[in-house]
Amino acid sequence: MISSSLEELSLTTDVLIVGGGMAGAWAATSAAEAGAKVVLVDKGYCGTSGVTAAAGPGHWWVPPDPPAAREAAVTNRVASGLGLGEADWMYRILDQTWRTLPTLAGYYKFGADDEGRVNYRAVRGPEYMRALRQQVLSHGVTILDHSPVLELLARSDGSIGGARGQRRQDGGRAYQVEAGAVVLAAGGTSFLSHLLGSRTNTGDGYLMAAEAGAEMSGMEFTAAYTIAPAHSTMTRTMAYSFATYYDAAGHELDLPFGPDQTLRLARALQRGPVYCSLHRLPDDIKARLHTISPNVPLVFDRWGTDPYRDRFEVVLHNDGTIRGIGGVRVHDVDGTTSVPGLFVAGDNASREKVAGAISGGGNVNSAWALSSGVFAGRAAARLARGATRRGGRLRPLGREPRKGAKTVDLAALRDGVRSQMHPFDKNLFRTGDRLAASADVLEGLWTEMADHADKGTIASRETAALLATARWSVATAGARKESRGLHRREDFPSQDAGFATRLLSGGLDQVWVTADTTSVTAKAGRLEAAS
Amino acid sequence: MIELIVADRCTDCGACIEVCPANVLDAGQGGLPVLARAEDCQTCFMCELYCRADAIYVAPDCDRRVAVSEAEVLASGRLGQYRKHSGWNEWAEHYPNEQWLMETVFRRAGEAAAQTRAVRPEGLGGKE
Chain A
1 MISSSLEELS LTTDVLIVGG GMAGAWAATS AAEAGAKVVL VDKGYCGTSG
51 VTAAAGPGHW WVPPDPPAAR EAAVTNRVAS GLGLGEADWM YRILDQTWRT
101 LPTLAGYYKF GADDEGRVNY RAVRGPEYMR ALRQQVLSHG VTILDHSPVL
151 ELLARSDGSI GGARGQRRQD GGRAYQVEAG AVVLAAGGTS FLSHLLGSRT
201 NTGDGYLMAA EAGAEMSGME FTAAYTIAPA HSTMTRTMAY SFATYYDAAG
251 HELDLPFGPD QTLRLARALQ RGPVYCSLHR LPDDIKARLH TISPNVPLVF
301 DRWGTDPYRD RFEVVLHNDG TIRGIGGVRV HDVDGTTSVP GLFVAGDNAS
351 REKVAGAISG GGNVNSAWAL SSGVFAGRAA ARLARGATRR GGRLRPLGRE
401 PRKGAKTVDL AALRDGVRSQ MHPFDKNLFR TGDRLAASAD VLEGLWTEMA
451 DHADKGTIAS RETAALLATA RWSVATAGAR KESRGLHRRE DFPSQDAGFA
501 TRLLSGGLDQ VWVTADTTSV TAKAGRLEAA S
Chain B
532 MIELIVADRC TDCGACIEVC PANVLDAGQG GLPVLARAED CQTCFMCELY
582 CRADAIYVAP DCDRRVAVSE AEVLASGRLG QYRKHSGWNE WAEHYPNEQW
632 LMETVFRRAG EAAAQTRAVR PEGLGGKE
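Chains as they are written, first to last, in this note's numbering: chain A, 1 to 531; chain B, 532 to 659.
It cannot be assumed that every hint is accurate.
Claimed, not checked - List time: in silico DSS-like cross-link candidates among lysine-lysine, alpha-carbon distance up to 25 Å: (1) K426(A) with K615(B); (2) K406(A) with K481(A); (3) K109(A) with K615(B); (4) K403(A) with K481(A); (5) K406(A) with K455(A); (6) K286(A) with K37(A).
Hints listed in this document are in silico derivations from the structure and should not be mistaken for laboratory results. Since this is a predicted model, take the numbers as computed values, not measurements.
Using the sequences provided together with the hints, build the complete structure.
Here you go:
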């Protein structure tokens, strides 16, 4: 198949999966189990790419017996989701996660607690992703690592029929995959914060979906932040549940463990540096921290810091849509988008219907990544099997520069995105005026990008994706004139029943925002259709 | 960020080049991997886990390069520390994966916080 490094690599398959993190790997497995020929492409390496690999996901996990337990979990989540979640979608992912996760036992050694009971829900990221890669390969899936996708390909009727990209460890050789259906599982984005494992998650899947004609949903919910030692990526929070915080003068701050802790910490950080001590972590956990989360104590050890005695500076890294919510609007739990032939899974999809207006934290988000991957892989396989290959020409959907290509300072554009999406006063404590100012700045950056940037490099495409995502987020946050969950408006501090609806957004040259008119409660029939 | 590959330990297996999700490394002329795009490093420590020769050192600093002395790192015992504590490869039977304890810790923290609130119902002075 590979004859020359100059010749384009051309593959044909039933299902193409874009992204080899948790959702993509589960999608590839399930599509293959459904009988499809599957190609999975990853920007980096399926097994280490994405935010799961360096972390430790705990899945939303409620056994079916007694049934009351799941009812209670879903009822609580519907309430905490503040009107944007849907119970039937939550039941679906709870059940699928419970059924699917233990099937990985051939590849992952699930831990047993001190009483010898197997624990499935909490897995360690590197081992989990290594296991998922092995499972994918054992299902006969072709993996192309270090093969970022540059653009989707459409058939003459607008349906999606593949993608093209570059093999960056093969001299940048071009490749094209023609597919019966495509699953975008390219992750969310932290807008290039130092959130652990998120550097290559630049929202590429959002941009490509939008170019194909899909809408976003929930993009206003990007105001999630996670604590880390200053200058580190270690956004793993378990040990901080027992943290004590101090200001620069050494006075203890009132930042109790609980739902408002991040907000209070952000307020404190606006006033000055904040320091932390983990001395209150129980001794039995201190003694086992290196076998619970080995990368957490590693950071302190290498700095010569004793986190149980010394006070170390902490910061908050933005989570964007990764621990936030937004993504491509899905019409069904199987990742069906508004574009025929295109499915989305994991962080690439909006999680509003399972998380509501608040962060899905680790557990709902992981259950969603797994389940939406399984569902989307299966649905894509079904569509690809039924599709008759039309053969015809495939049209690339990436856009040429409007006014002709010239050198664009992409690093400056990316810094511009960071400058609007990371500061607390712009993205966490929002006001209409500041959002409008951010929108103006981003519009200017987008104009430079869209007018002149060449679509042929991954850096250019990543920058376009970051800018597009930031513009949707800021525009939607401006339109939601209330506070709800992760979205806080200082000029509209209360929740407004008139906004108990999801907000859709989209558009590239012209950004738009509109209310989702399919009512949150109007879902009769969907559940049966999906099961 | 990745700061060091110890030449004497590296077996030139190429694993770090392959697994780096940010494509930081290239195969060098003399066989050893080179830090071709260190500025792209996302400080995820994955290369260390996949380096069976324990030849790689990643500094925790993600936003600044730091000077690293090979002699000091070799003497520190930190090479291979992450792989060992993770129970990878030959360490599988020595370091159990206790990730399952995570939820217990959060539960205990919640209970401790609730107890504090119960003892001091008005909090520590409450509002900011």
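Hint check:
no. : hint                 : verdict
1   : K426(A) with K615(B) : violated (42 Å)
2   : K406(A) with K481(A) : violated (39 Å)
3   : K109(A) with K615(B) : holds (16 Å)
4   : K403(A) with K481(A) : violated (36 Å)
5   : K406(A) with K455(A) : holds (11 Å)
6   : K286(A) with K37(A)  : violated (47 Å)
Consistency with the previously given hints fails for numbers 1, 2, 4, 6, ordered from lowest to highest.
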